[in-house]
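Asks: Sequence:
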Amino acid sequence: MKKVIQKTGKLLFILLCIVVAFLSLTTIYHHISLGREADSIVPNGILIDVNGYQTHVYAQGEKGNKPTLVFMSGSATVAPVYDFKSLYDVLSHEYRIAVVEKAGYGYSEIYEEERDIDTLLSEVRQSLSLAGESGPYVLFPHSMSGLEAVYWAQQYPKEITAIIGLDMAVPESYEYFDFVAGNQMMSTGRAAVWLGLHRIPGFYALDTASLTEQEIRQQKLLMYRNAVNIDYVLEGKAVYSNAMEVKSGEILSLPILMFVSDGQDFGEYWLPCQMKFAAQHGAQMIRLNCGHYVHHTQFEYIAEESLKFLSALQ
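Just so you know, we're using our numbering here: the sequence shown kicks off at 39 and counts up by one.
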């Protein structure tokens, strides 16, 4: 029995040494690679100086009499300019589109800045203005940025023609969100990224539809750099107070079209919250049989219905 215990202990020690050695190698490789890869990260849009740091704005399509479509990413989307590409490529044939990457997202600088709703909105509006883009805008928010879109329409209604939500979060949904589990997941993710584990193929899922080989490479480099960075953490800490600030604001009177997922990525509360928001604000809601990133799998249908919706506004 004693020999069995000794043998088991020895095997466990060897296994522990292997794990420590593996994690040491992934960590060293990751941090060395970040330095080497920095010069290979090349923005496809323009960098804007906002409040002491740089944000990235990408625009496509001709300017004209129609409103500009502004794409706003959800939390922790490492490269919004590529994440939305399948959808905006279709829409840019008829409309000017712009993707604003906030601090910590895509090609924008990772900058430890407060993420209250006023700061977030100011960052987006300044970025567009300094990039030479002007309203009126139709907002395409995904997930958490739904709060920013609604707040934008509340504070500056003359700038916004409509909102087309891509399974956008609504204020009430954060009253049901499990913040304990969310914070634990964020902490685990931060540790995994510091150890370089997100460089293991398949560890961090990315949508590559409609991307060229060069864009796929750029998206990977941005994922290695941006994954679970401090700006995502600060957004998560501020989201509840941001949601309550938006909830206390005025009911919107502008046209709203909401593409809504099946809700399985969140829980039973997701769909009822979406339906309640749609009823309160007179929004049109289209339910989709897919996950939270609706613009990945349903971009053709979303583009078709969005063009119909926008045409009716004209």
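Think of the hints as simulated: they come from the structure by calculation, not from any bench. A few of these clues could be false.
Claimed, not checked - Straight line, CA to CA, 20 Å or less: simulated EDC-like cross-link-like pairs of lysine to aspartate or glutamate:
1) 101 - 127
2) 275 - 127
3) 104 - 150
What the hints assert, rightly or not - Computed spacing ranges between beta-carbons, pair by pair:
4) 244 - 317: 29 to 37 Å
5) 150 - 251: 40 to 48 Å
6) 278 - 240: 27 to 35 Å
7) 74 - 278: 37 to 45 Å
Backbone N, C-alpha and C fix where the C-beta goes; we use that ideal spot for every residue, glycine too.
Asks: Decide, hint by hint, whether the structure agrees.
Replies: Status of the hints after comparison with the structure:
| no. | hint | result |
| --- | --- | --- |
| 1 | 101 - 127 | holds (15 Å) |
| 2 | 275 - 127 | violated (33 Å) |
| 3 | 104 - 150 | violated (36 Å) |
| 4 | 244 - 317: 29 to 37 Å | holds (35 Å) |
| 5 | 150 - 251: 40 to 48 Å | violated (34 Å) |
| 6 | 278 - 240: 27 to 35 Å | holds (32 Å) |
| 7 | 74 - 278: 37 to 45 Å | holds (39 Å) |
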